[in-house]
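**Q** For this one, chain A is given, so just place chain B on it according to the hints.
The listed protein sequences correspond, in order, to chains A and B. The numbering of the first sequence is numbering that gives the first Met the number 0, which starts it at 0 and goes up by one. The numbering of the second sequence is numbering that gives the first Met the number 0, which starts it at 0 and goes up by one.
Honestly, I wouldn't trust all of these hints.
Not the full set, but computed from the structure, chain A residues with beta-carbon under 7 Å of chain B [claimed, not checked]:
no.	residue
1	I38
2	T66
3	Q73
Restraint ranges, calculated between C-beta atoms of paired labels, are given here [stated by the list, open to error]:
no.	chain 1	residue 1	chain 2	residue 2	range
4	A	K85	B	A33	55 to 63 Å
5	A	G84	B	A33	53 to 61 Å
6	A	G57	B	T31	39 to 47 Å
7	A	H60	B	P49	44 to 52 Å
8	A	E79	B	D169	40 to 48 Å
9	B	H128	A	K55	48 to 56 Å
10	B	T31	A	A119	44 to 52 Å
11	A	A8	B	H128	19 to 27 Å
12	B	H128	A	H60	14 to 22 Å
These aren't lab readings, by the way, just hints derived from the structure by calculation. Note that CB positions come from ideal geometry on N, CA and C, so glycine has one too.
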Amino acid sequence: MKSLAELQALREQMKGRVGIRHDGDSNIRVVVGMATCGIAAGARPVLAAFTDEVAKRGLTHVSVGQTGCIGICQYEPVVEVFEPGKEKTTYVKVTPEMVPAIVSQHIVNGAPVAEYTIGASGAQS
Amino acid sequence: MMQELSLNVLDVAENSVRANASLVEITVEEDTAADRLAIVIRDNGKGMTPEQVQTVIDPFYTTRTTRKVGLGVPFFRMAAQLSGGDLTIQSQVGAGTTVTATFGLTNIDRMPLGDMNGTISTLVQCNPHIDWVYTRRRDGREMVMDTRQFREVLGEVPLDSPEVLFFLRDYLQENTAELLAPAAAGEEQ
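Chain A extracted, bound-state conformation (with noise of 0.2 Å):
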């Protein structure tokens, strides 16, 4: 069973790191749709394995996030990435097993994985 002693122990490792985490202009931010129709969709893994993927790299600059439902209900679970300075990414029908090419490909080398964007689903946004 977890205490929260062992949380007190988790702190104390923690010190002194707290702070490497970014929080500058150079952040990229992952939202995924949360509202009704993303969590019935299957939202709530996909913000999963964006946590778990993003903690196993050690992606400090990465934050995620949930948003609303943004109107597009029949392609959640919808998934946005947004890059300072380039365009927001919108990312489609998501699951789980899309998540390690999204973060591998895109937030870690750049290159958005096209397939899985909205542009690829022939949808109009």
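**A** Here is chain B on its own, set in the frame of chain A:
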């Protein structure tokens, strides 16, 4: 329609987020003797007028502008009623809202509870500025996760740092498994 009750909880709790709550308390309580499951979502957000409370159970009412339907509460209410339970909303402007859903615990039409821990982790991660209290109770025994206690221990370490989020997941999983033992851990019925 959601596949599990925990997804309804995630969806309905988002209403508390949008109501600018600073504290959201989620309780899941099983009473096997009474054959009853109760899920309560209580927030201290901006609350609603009696007229607004009436409208939120209407699927064709929503405050959003991106689409014309608001299905969160109607879905949750339907899931409750299908299993012989019901959904009630108590709300006061300026004080907050409490949504209570009851279910027939062993009713064949009751949706599985599903991954409640995944729902709680998601809510904390996406809304670290809010305090979350999650209580899982079965026949008088309980386990509680309170982010206020977490914050007290963590000091300057943010609640949404990856290490803390992973700890939170393990904390919920291990303590829930212990509460529900000897039943199998993980996915719940």
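**Q** All the hints need checking, so say for each whether the structure fits it.
**A** Outcome of the hint check:
1. I38: holds, 5 Å
2. T66: Nearest chain B Cβ about 9 Å off; hint violated.
3. Q73: With a closest approach of 11 Å, the Q73/A hint is violated.
4. K85/A <-> A33/B: 55 to 63 Å: holds, 56 Å
5. G84/A <-> A33/B: 53 to 61 Å: Roughly 59 Å apart at Cβ, these two residues keep to the hinted range, so it holds.
6. G57/A <-> T31/B: 39 to 47 Å: holds, 45 Å
7. H60/A <-> P49/B: 44 to 52 Å: Distance hint for H60/A, P49/B holds at roughly 48 Å.
8. E79/A <-> D169/B: 40 to 48 Å: Since E79/A and D169/B have Cβ atoms about 29 Å apart, the given range 40 to 48 Å is violated.
9. H128/B <-> K55/A: 48 to 56 Å: violated, 26 Å
10. T31/B <-> A119/A: 44 to 52 Å: Since the Cβ atoms of T31/B and A119/A sit about 50 Å apart, the hinted range of 44 to 52 Å holds.
11. A8/A <-> H128/B: 19 to 27 Å: holds, 25 Å
12. H128/B <-> H60/A: 14 to 22 Å: holds, 21 Å
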